[in-house]
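Peer 1: Now for the letters of each chain:
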Amino acid sequence: MGGDCESNVENIIEVKNLKKTYISRGHVTEALRGISFAVKKGEIFGILGVNGAGKSTTLNITIGLLTPSSGTVRIFGKNFFQHESELKNQMNIATAYADLAGNLTVYRNLKIYALMYNVPNYKKKIADLLESFGISHLADKWVGDLSAGEKTRVNLCKSLINDPELLLLDEPTASLDPSIASHVRRLILKLQKDRNMTVVFTSHNMPEVEEMCDRVALLHKGKVYMVDTPDSLVKIHTAPDLEEVFIRLAKGELEE
Amino acid sequence: MIAPRRIKAYMLRHVFEIWATVDRKFDIIFWPTIDLLIFGFLSVHIQKISVQAGAAGAIIGGLILWTLVFSIQRDISVSVLEDAWTRNLYNLFSTPLHAAEVLIGLVLLAICKAIITITFVTLLAWGLFDFNLFSIGPSIFFYIFNIFVFGWAFGCMTVSLIFRFGLRLQIFAWSMIAVLYPISGVFYPLSTLPAVLADIARLLPLSYIFEGLRGAIANQQSLNAGDMSMIVVLNAIYLSLGIWAFITGFRSAKNRGWFIHPS
Chain S
0 MGGDCESNVE NIIEVKNLKK TYISRGHVTE ALRGISFAVK KGEIFGILGV
50 NGAGKSTTLN ITIGLLTPSS GTVRIFGKNF FQHESELKNQ MNIATAYADL
100 AGNLTVYRNL KIYALMYNVP NYKKKIADLL ESFGISHLAD KWVGDLSAGE
150 KTRVNLCKSL INDPELLLLD EPTASLDPSI ASHVRRLILK LQKDRNMTVV
200 FTSHNMPEVE EMCDRVALLH KGKVYMVDTP DSLVKIHTAP DLEEVFIRLA
250 KGELEE
Chain P
0 MIAPRRIKAY MLRHVFEIWA TVDRKFDIIF WPTIDLLIFG FLSVHIQKIS
50 VQAGAAGAII GGLILWTLVF SIQRDISVSV LEDAWTRNLY NLFSTPLHAA
100 EVLIGLVLLA ICKAIITITF VTLLAWGLFD FNLFSIGPSI FFYIFNIFVF
150 GWAFGCMTVS LIFRFGLRLQ IFAWSMIAVL YPISGVFYPL STLPAVLADI
200 ARLLPLSYIF EGLRGAIANQ QSLNAGDMSM IVVLNAIYLS LGIWAFITGF
250 RSAKNRGWFI HPS
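Quick note, the sequences are listed as chains S and P, same order.
Just so you know, we're using numbering that gives the first Met the number 0 here: the first sequence kicks off at 0 and counts up by one.
Just so you know, we're using numbering that gives the first Met the number 0 here: the second sequence kicks off at 0 and counts up by one.
Looking at chain S on its own, in the form it has when it is part of the complex (with noise of 0.2 Å):
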């Protein structure tokens, strides 16, 4: 089925036949099999799969980590690779499965990414981050330190740093408790509104997609299964609920 990829000046991401394949020692892993799906401006996009289906890799990849085999990346109808330094200064990324420098404290660490992106006035940036995010008294604490819930704030403050008008964010809330991890989504949520950011987020929590996503992919096998609103998905599956969707999905119940 795979997604609407039609090349339209409101997609802020254009992804075509995207594909990614490792080899190592001998052993072939197609983590993404040509996928295909565009991210309309404002909107917040949901990547869903079982781990391995390929979300992760294609939020690398566009964020310029990964080098894909094959495949194209527009993003603000630039191509991504020929434009990948300009194009990430409106970008940025928060994943469960990276750090800040554990030897520094949050103020420096988010100074260094203040002014990697060149942001005016940062510490006062810095400040009204923290405070968004109910952490300003760990300031002066070292990173390595920090619980896990806590290394996901500082990381989210990371990626709101340079104000992106594209943030990626992978599996944000995954080592949050039920009240913080709600207190950043409706943080998300306002953000987005308030200066119609385009956010593309994976998550495994369905209520969660449920409640953010306007439309949402779901990957399977590193191929686009369907692309479509969560309500839609549900209807269209005569599920329950998205979590339902998902579950047939990752059994192979559902046709490719």
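Derived from the structure by calculation, the hints contain no laboratory data.
Because the structure is a prediction, the values reported are computed rather than measured.
A hint or two may mislead.
Straight-line Cα separation of at most 20 Å, DMTMM-like style, residue types lysine to aspartate or glutamate; simulated pairs [said to hold, decoys possible]: (1) S/LYS222 with S/GLU252; (2) P/LYS24 with P/GLU81; (3) S/LYS122 with S/ASP139; (4) P/LYS253 with S/GLU83; (5) P/LYS7 with S/GLU85; (6) S/LYS189 with S/ASP127; (7) P/LYS47 with P/ASP129; (8) P/LYS253 with S/GLU29; (9) S/LYS192 with S/GLU210; (10) S/LYS124 with S/GLU164; (11) P/LYS253 with S/GLU252; (12) S/LYS77 with S/GLU9; (13) S/LYS234 with S/GLU209; (14) S/LYS15 with S/ASP227; (15) P/LYS253 with S/GLU85.
Per the computed footprint, the stretches of chain S lying under chain P, defined by three or more beta-carbons under 8 Å from a beta-carbon of chain P, are [what the hints assert, rightly or not]: (16) 35 to 42; (17) 83 to 91.
C-beta atoms are modelled at their ideal positions from N, C-alpha and C, and glycine is treated no differently.
Fit chain P to the supplied structure of chain S, relying on the hints for placement.
Peer 2: What follows is chain P alone, placed relative to chain S:
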């Protein structure tokens, strides 16, 4: 486009690391001091039983310049390893930071650290052993500059191997240069080496630098134009190879996803 502010940010990340950790400070001062003390006292002893005038000075001078090569190449690779150990490569390389900016940042950082090391060790050698490295005249600046260049080139090659093969080769940051230690003529002339090793040594700019340094300290010989040319030509080759290895290694790391899962 290379942006100086991103180079500054990258360097600042490592300056903060040095500021925060004891082991990085030890790298700059502690081990060079221990080496200097051991070889300094050994050279005092050699001077007493003395074989040749200036032999002690040649040993201390050789040690100081070797410390410089070792620190520069190690600092380039350890800075990359530091970000791999702390799983920070993901965040760093998701910013607009270029491979060229990383390279420039690493080189500038290595220069700053090496200047601190050489200043400290030179002053210590002067105070403890009455040896002044700069007494050989302006040629010392030529030697030091070329030591820097070779250290950068070698450091880039080591980083390239880490980019390509991962952390299982991290020990190379400290050990790979050691292969050149016995054959670079740091403490003894190349004529001491077996013919095969001496021939290999002649492919290294280091051997010409240490031979030249020894000649200047022990026999007040001035810099030989032929040797100078060899140092410059060989360093140009090694530096080109180092930059090429770094860039291709960086691409390989990105292709394998090493910045995402550094292992």
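Peer 1: Could you run down the list of hints and mark each one as holding or not?
Peer 2: A quick look at each hint next to the structure:
| no. | hint | in the structure |
| --- | --- | --- |
| 1 | S/LYS222 with S/GLU252 | holds, 15 Å |
| 2 | P/LYS24 with P/GLU81 | holds, 14 Å |
| 3 | S/LYS122 with S/ASP139 | holds, 13 Å |
| 4 | P/LYS253 with S/GLU83 | holds, 13 Å |
| 5 | P/LYS7 with S/GLU85 | holds, 18 Å |
| 6 | S/LYS189 with S/ASP127 | holds, 15 Å |
| 7 | P/LYS47 with P/ASP129 | holds, 15 Å |
| 8 | P/LYS253 with S/GLU29 | holds, 17 Å |
| 9 | S/LYS192 with S/GLU210 | holds, 14 Å |
| 10 | S/LYS124 with S/GLU164 | holds, 16 Å |
| 11 | P/LYS253 with S/GLU252 | violated, 35 Å |
| 12 | S/LYS77 with S/GLU9 | holds, 12 Å |
| 13 | S/LYS234 with S/GLU209 | holds, 13 Å |
| 14 | S/LYS15 with S/ASP227 | holds, 17 Å |
| 15 | P/LYS253 with S/GLU85 | holds, 18 Å |
| 16 | 35 to 42 | violated (count 0) |
| 17 | 83 to 91 | holds (count 6) |
Hints 11 and 16 from the earlier list are contradicted by this structure; the remaining hints agree with it.
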